[in-house]
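Visitor: Sequence:
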Amino acid sequence: MFPRIYIWLFFLIFLNGCTTSSKYEVIYNGEKGQEQEQSEINHQDYTIAIVPKVTGIPYFNAVEEGAVEAGYDLDVNVLYSGPLIADWKQQETIINHYIEQNVDLIAVSANDPEKLGPVLKKASLKGIRVITWDSDTNKHYREMFINMVDPEVLGRHIMDTLSSRVNEQGSYAIITGASDAANLNEWIEWMKLHQKENYPNMTLVDIVESNDDPKQAYKAATDLVKKYPDLRGIIGSSSVGPPAASQAVQDADKAGDITVVGLSTPNLMREYIKEGSSQVVTLWSPKKLGYLTVSVAKELLDSKEIQDNQYISNIGNIRVKEDTVIMGQPIDFTKENIDQYDF
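In this text, residue positions in the sequence shown follow full-length UniProt numbering: the first is 1, and each later residue adds one.
For the record, the hints were derived by calculation from the structure and aren't laboratory data. Check the hints yourself; a few may be wrong.
Stated by the list, open to error - The following label-pair restraints were derived from C-beta to C-beta distances:
#1 K254 - L125: 28 to 36 Å
#2 G256 - K121: 49 to 57 Å
#3 S171 - E322: 20 to 28 Å
#4 V153 - L204: 15 to 23 Å
None of the values given here were measured: they were computed from a predicted structure. Just so it is clear, CB atoms sit at the ideal spot from N, CA and C, and this is done for glycine as well.
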C-alpha cells in the first residue's frame with residue numbers, strides 16, 4: 001500500500017496534466033472576478049462569449065469589467081477574449097474557437113461588417129445565437145445589434161463640439177480606428193453631413209487610420225499637425241485618437257491653436273483636458289455597455305422579447321429601433337465635470 005500522501009500527490013499531478021488553458025480567453029463564473037479554467041465552463045446554464053474589437057486598451061477593459069459583473073449578477077458564464085490588434089481575421093479565429101466549445105451565444109464588436117459573415121453564419125447553423133455590440137455587421141449575419149447611442153445623434157453632436165470651439169470655420173481632420181469598422185464609418189458620415197449642412201466655412205482635409213493603436217494614432221496626429229500648418233481641429237473617432245492628438249498638439253506647442261475633440265474615456269483624457277490641449281471629449285459608459293450586452297444576451301436565451309423603453313437593471317430604460325438596442329445619450333467630459341467620472 002502506498003502512503004496516503006503519495007496517493008494525493010499522484011492525484012494532483014494527474015489533474016495538473018489534464019488541465020488545458022486557452023490561448024485567448026478568460027472565463028468567469030462562480031465568484032465575482034474569479035478566473036476559471038476552461039474545463040469548468042458548464043457551471044451555469046448559459047455560456048455567453050464576448051468578442052471585442054481589440055484587447056488591452058482602457059475602453060474595452062471597461063467593457064470587460066461590465067460584462068464580468070453582469071455574468072456574476074445574472075449567474076451566467078461570460079467568456080471574454082479579443083485580438084491584440086483590430087483585425088477581423090483574429091476575431092474569426094476566436095469565434096471558431098467558441099463554435100468548437102458550443103457556447104450558447106456569441107456577441108461580437110466587428111472589425112469588418114462583411115468579412116466576419118461566413119464564420120457568424122457557421123455559428124448560427126450550429127445553433128449558436130449571434131448578436132453584435134459596439135460595431136455592427138451586415139444585419140443578415142446577426143439577430144440584434146446593441147448600440148451605445150443613436151449614430152446620427154452622436155455624429156452630429158461631435159461635429160457641434162468642434163464647430164463651437166473653432167468659430168465654425170477652418171480646416172479639420174479625423175483620426176479614426178480601423179477603416180472597416182462600421183460604427184466609426186457611420187459616425188464619420190454623420191459628422192461630414194452635419195458639417196456640410198450647417199458649417200460651410202469648415203473644411204475636412206484628411207481622414208487617417210490608427211487601427212486603435214495608440215502609437216499609430218500619435219504618429220498620425222503628428223503627421224497631420226506637420227502637413228496642415230493651418231489646421232484648426234482634430235476629431236478622434238475612436239478612444240485612442242483624442243489622447244494621441246492632444247499629446248501631438250502639446251508637443252508641437254499648439255495647444256489652444258488646434259482644438260481636439262472626439263470619443264475617448266475620461267481617464268485617458270483627464271490631464272489633457274485640465275491642461276487645455278483638449279477641450280472636450282464625448283463617450284458613454286463602456287462598463288454599462290458590457291453589462292447591457294450580457295443582459296440582452298440572457299434575455300434572448302430566455303426567449304424574452306427586448307422591448308422599447310424596457311428597464312434593464314444597472315442600465316436604465318433602453319430604446320429599441322427594429323433590431324437595434326440603443327443604450328442612451330452621449331456624455332460630454334469637460335474640465336468642469338471630468339473628475340466626476342472614473343473609467
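Visitor: Each hint needs a verdict: does it hold in this structure or not?
Guide: Here is what the structure says about each hint:
no. : hint                    : result
1   : K254 - L125: 28 to 36 Å : 54 Å, violated
2   : G256 - K121: 49 to 57 Å : 51 Å, holds
3   : S171 - E322: 20 to 28 Å : 38 Å, violated
4   : V153 - L204: 15 to 23 Å : 20 Å, holds
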